[in-house]
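Number of protein chains: 2
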Amino acid sequence: MKLKIGLSAIVAVGLMGGILQAADNIKLSPEEMKKASQIYFDRCAGCHGMLRKGALGPWIRPEPHKDKKGAMHGTKAIGTEALESIIYNGTPGGMPGWGKSGELTKEEVKLMAKFIQLPPVTPPEKSIADMKKSWKVIVPVDKRPKKPETKRNWKNYFGVVLRDVGKIAVIDGDKKEVVSVVPSGFATHILRMSKSGRYMYAIGRDGKAEVIDLWMKEPKVVAEIRTCNDARSIDTSKYKGYEDEYAVVGCYWPPSIVTLKGDTLEPIQLVSTASYTYDTGEFTREARVASIVANHHKPEWVINVKETGQVWLYNYADPRNPGIKMLMAERYLHDGGWDLSKRYFLVAANARNKVVAVDTEKGKVEAIIPTGGTKPHPGRGANVNHPKYGPIWCTGHIGSNDIVCIGTDPKKHKKYAWKVVADIKLPGEGGGNLFVKTHPKCKYIFADRPVNPDRKLQTQIYVIDKNKLKVVKTIKIPDKYLKSKDPKVKVRGPVHFEFNQKGDEVWTSIWGNKLTPTAILVYDANSLKLKKAIEDPRIITPTGKFNVYNTMNDIY
Amino acid sequence: MKLKIGLSAIVAVGLMGGILQAADNIKLSPEEMKKASQIYFDRCAGCHGMLRKGALGPWIRPEPHKDKKGAMHGTKAIGTEALESIIYNGTPGGMPGWGKSGELTKEEVKLMAKFIQLPPVTPPEKSIADMKKSWKVIVPVDKRPKKPETKRNWKNYFGVVLRDVGKIAVIDGDKKEVVSVVPSGFATHILRMSKSGRYMYAIGRDGKAEVIDLWMKEPKVVAEIRTCNDARSIDTSKYKGYEDEYAVVGCYWPPSIVTLKGDTLEPIQLVSTASYTYDTGEFTREARVASIVANHHKPEWVINVKETGQVWLYNYADPRNPGIKMLMAERYLHDGGWDLSKRYFLVAANARNKVVAVDTEKGKVEAIIPTGGTKPHPGRGANVNHPKYGPIWCTGHIGSNDIVCIGTDPKKHKKYAWKVVADIKLPGEGGGNLFVKTHPKCKYIFADRPVNPDRKLQTQIYVIDKNKLKVVKTIKIPDKYLKSKDPKVKVRGPVHFEFNQKGDEVWTSIWGNKLTPTAILVYDANSLKLKKAIEDPRIITPTGKFNVYNTMNDIY
Chain A
2 MKLKIGLSAI
12 VAVGLMGGIL
22 QAADNIKLSP
32 EEMKKASQIY
42 FDRCAGCHGM
52 LRKGALGPWI
62 RPEPHKDKKG
72 AMHGTKAIGT
82 EALESIIYNG
92 TPGGMPGWGK
102 SGELTKEEVK
112 LMAKFIQLPP
122 VTPPEKSIAD
132 MKKSWKVIVP
142 VDKRPKKPET
152 KRNWKNYFGV
162 VLRDVGKIAV
172 IDGDKKEVVS
182 VVPSGFATHI
192 LRMSKSGRYM
202 YAIGRDGKAE
212 VIDLWMKEPK
222 VVAEIRTCND
232 ARSIDTSKYK
242 GYEDEYAVVG
252 CYWPPSIVTL
262 KGDTLEPIQL
272 VSTASYTYDT
282 GEFTREARVA
292 SIVANHHKPE
302 WVINVKETGQ
312 VWLYNYADPR
322 NPGIKMLMAE
332 RYLHDGGWDL
342 SKRYFLVAAN
352 ARNKVVAVDT
362 EKGKVEAIIP
372 TGGTKPHPGR
382 GANVNHPKYG
392 PIWCTGHIGS
402 NDIVCIGTDP
412 KKHKKYAWKV
422 VADIKLPGEG
432 GGNLFVKTHP
442 KCKYIFADRP
452 VNPDRKLQTQ
462 IYVIDKNKLK
472 VVKTIKIPDK
482 YLKSKDPKVK
492 VRGPVHFEFN
502 QKGDEVWTSI
512 WGNKLTPTAI
522 LVYDANSLKL
532 KKAIEDPRII
542 TPTGKFNVYN
552 TMNDIY
Chain B
2 MKLKIGLSAI
12 VAVGLMGGIL
22 QAADNIKLSP
32 EEMKKASQIY
42 FDRCAGCHGM
52 LRKGALGPWI
62 RPEPHKDKKG
72 AMHGTKAIGT
82 EALESIIYNG
92 TPGGMPGWGK
102 SGELTKEEVK
112 LMAKFIQLPP
122 VTPPEKSIAD
132 MKKSWKVIVP
142 VDKRPKKPET
152 KRNWKNYFGV
162 VLRDVGKIAV
172 IDGDKKEVVS
182 VVPSGFATHI
192 LRMSKSGRYM
202 YAIGRDGKAE
212 VIDLWMKEPK
222 VVAEIRTCND
232 ARSIDTSKYK
242 GYEDEYAVVG
252 CYWPPSIVTL
262 KGDTLEPIQL
272 VSTASYTYDT
282 GEFTREARVA
292 SIVANHHKPE
302 WVINVKETGQ
312 VWLYNYADPR
322 NPGIKMLMAE
332 RYLHDGGWDL
342 SKRYFLVAAN
352 ARNKVVAVDT
362 EKGKVEAIIP
372 TGGTKPHPGR
382 GANVNHPKYG
392 PIWCTGHIGS
402 NDIVCIGTDP
412 KKHKKYAWKV
422 VADIKLPGEG
432 GGNLFVKTHP
442 KCKYIFADRP
452 VNPDRKLQTQ
462 IYVIDKNKLK
472 VVKTIKIPDK
482 YLKSKDPKVK
492 VRGPVHFEFN
502 QKGDEVWTSI
512 WGNKLTPTAI
522 LVYDANSLKL
532 KKAIEDPRII
542 TPTGKFNVYN
552 TMNDIY
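Protein sequences, first through last, are from chains A and B. Letter by letter, the first sequence follows residues 2 to 557 in the numbering used here. Letter by letter, the second sequence follows residues 2 to 557 in the numbering used here.
Hint data in this document are derived by calculation from the structure and do not stem from the laboratory. Warning: the hint list may mix true and false statements.
No distinction is drawn between identical chains; accordingly, a pair holds when it is met within one copy or between any pair of copies.
Derived pair list, reagent style EDC-like, types lysine to aspartate or glutamate, alpha-carbon separation capped at 16 angstroms [said to hold, decoys possible]:
1) 471 x 424
2) 363 x 319
3) 133 x 283
4) 412 x 340
The following block holds chain A by itself, in its conformation from the complex:
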């Protein structure tokens, strides 16, 4: 256990009789500490960091700290009452009102206001030996199918994250029926496919990685391992000669890159991402891997390190002896996707309202583009081959109603390259967009808005014409899909989109709560008509959906 003592008003901090105590007599019992730590991990750590030094959100350690703009932070100076108010009501800067929304009780808000005035406890390290304790090959490789055992069109399967129940549904995209539901880690963040599409990988927020074999009649988890305590990203080796060979997990804590054998998840290598911020050169123990994508053209993963603002081009050709090209980019890196040519990777530096374009062929940062919006959140973005601007890539924003498109073709459309060529305003006030999505065969981009506070705006789908680069239609989700059994928590609107293999259907999830199943709605991507509501008692809190074919080929 590590206590970090700042040069602050805290004079004596110790572990005394199980009570963690600061100078001004904030006391939490071991039970309170446990509860507060769990709430912190679930609700706060994403934006403020486990060490509370800030990322998308500010520094919330007890001791004072001056930020880049000269503003002072530090929870001791703010005090319990003001902290309670912030946690309860949120802030205009983007801090959610956890009390107001009903997600935390008044007592929990009070507890958290105290907790963040105590020094943060550094979470434990994890060695390869620690990982191996949790490693299970549930179905050995030689007991797995040699060819697909199913007659279904498994390449049109959708993996659907059932977030709050810790499960993954595999849905047949042709028949729109649940093929299997498998257990997963806590609040699975994303799914990825091996190059062949046969293996589906999931990563839980608790760092549990698993691989599901889609060739089985009823897809099952065939191997699992807890790679870290907190993770957000997973991908696979996609370059020729390495297909299906390796998987990689990007960890939040311990901040690291874990290479695994693709079929068994045996850990091969572990590399720390702790290093220095690209701009101020400050040591950053908590340098979290925000996202990873696999390059199809090189044996490389593009690894985006949040706090240091570095993109690491990670060569896995010799996985025990990795090569890393460290690119200095911008803070704080989050998620992103490929341009149409798949030469450039575009990643959001969300706290700086910028997008970084990485040239993976030359191994350098090609451009850093201010988006004009607030807190870009592209998911993987949406690519368009536009008649005027040529290939462009679009991202939405959490903090403003801008869907922004950026030119990505410096050869044939140099004039527009790495410039914002369109800023498409979503109707109404505020941001709240999380995902945009399109398909080369579809003439529309679809955008959600699940974290907009306005109920009406939250429950619509925004349809953007790819040529006009304008919202041409909003689709209201029918009321019957927005009902909840729990009167306290409203079912939120649609979240996340995915196309089917053919590109003629777009699927979205209704974001519910643990108490009630919600639907996955399937729209005709051309007529924009609701084609089917996939409803199943097992589909609870569906969020991300990943079509096997589109995900294995990075089609978006």
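Model the placement of chain B on the given structure of chain A, informed by the hints.
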């Protein structure tokens, strides 16, 4: 300030009234803490680490810990009295008897026995901004000579570390007279030259880097910067197109790689070496850069990370965006040198009694060779083109009397490649060798033995015939050069060798103490006769000597 509290008997640790206190009432005053911390840094940290987790020496933190062989360590369990005895008398395993040798007083030994039962204090971090506070360009680049201002043969200059007085002497190798003496950091570890030889770089144990301009009539420090709190290595960019462009410092604490502009020492980039041990995959905050060499054939530095056992091939072509190939090698890496072809770099894994051969052309570990001796310490080693074995590379050992030669030519002498082809026994008992040295034009290898406890063995030079691979002569240092003004501390024998530019003289330092100047002895490298004793009141505690021509071209 960070306190790391182990799962040990220590129940409450805090900063209380300025007294650092553990559960069993070990108390040190702030003055005692300061003194003990300084002694720890000077005498103990090298082998045990700042965090006291062990490297060449064992774990000496208060809490218990099982080592690789299953032995338990932990200072609390050993207790004050036994610790005092170990610190005073040393151990057969290689721990020096600090009391016995007179280097620490009885009171200091007592103090250290207490100090190491307290939790270690993590030393502070250092950002690029912190570094810049100490950065001074003393002579701007445009005020420096455009061509050599001296008529001396400056390529035959020797830079000589005057270790305990924190100075560097520049000595004219032709005339054997002191050209200038310049201030340096604390206990300078090594000197390196830029590719052209014009700039001489020094790195102090305190992390102070400096560059001396040898083109000046009287060479001076033209720029300096404190890159870290503890360092051992510095080198420069030597690849075509990058000559004299960059310098690089390898830091012990904070464990990092600092790239600097070659002429001004302006910091360009800072990369952390904290990562996971190559074998057990354990996070290692204190992963110290033991040594660095510059590749002449690629824009790369070979960086040897001690605790993690990793060799990093660090590409500096785009210094803000470095490329790092991480090679898993062996623990704990220390120093080493190139083979004759300069394709292979051979580095000691001293705690494992092995040498790692790195193929820098293919970017891989070529071989890991048990030397058969104890604690190899090659310096840069000695290369021989042997009539039977072909190109071989030789290293001495601190812990045993073996000078061991390893075949380095897998193409034409495959049978001998990466095998010990000769184990040359130094006469008498015990090791104590620090450096071996030769020159392509000389038929001998010279070996010192300054840390052998036997006074007679300590004060001889061992001359090895390169063909016979046997000690053919021992040269006794004349008594008059071994006298000290301080009766308590004996002047130790010769340490470190360097050849002149022509390769017909070999120089060695008499290792004295602060109170008395000692000589640098120049031997005829063929007749083995003492040719000259360079004596000067300013030459106090001479240790490493670096001939400009030989160092810039890696001739050894």
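Now for the hints, and whether the structure bears them out:
Proximity of residue 471 and residue 424 under a CA criterion of 16 angstroms is satisfied intra-copy only: 9 angstroms inside one chain copy versus 79 angstroms between copies. Taking identical chains as interchangeable, the C-alpha atoms of residue 363 and residue 319 lie at most 16 angstroms apart only when they sit on different chains, with a minimum of 12 angstroms there against 20 angstroms within one chain. Taking identical chains as interchangeable, the C-alpha atoms of residue 133 and residue 283 lie at most 16 angstroms apart only when they sit on different chains, with a minimum of 13 angstroms there against 33 angstroms within one chain. In this assembly of identical chains, the alpha carbons of residue 412 and residue 340 lie at most 16 angstroms apart only when taken from the same copy (14 angstroms versus 46 angstroms across copies).
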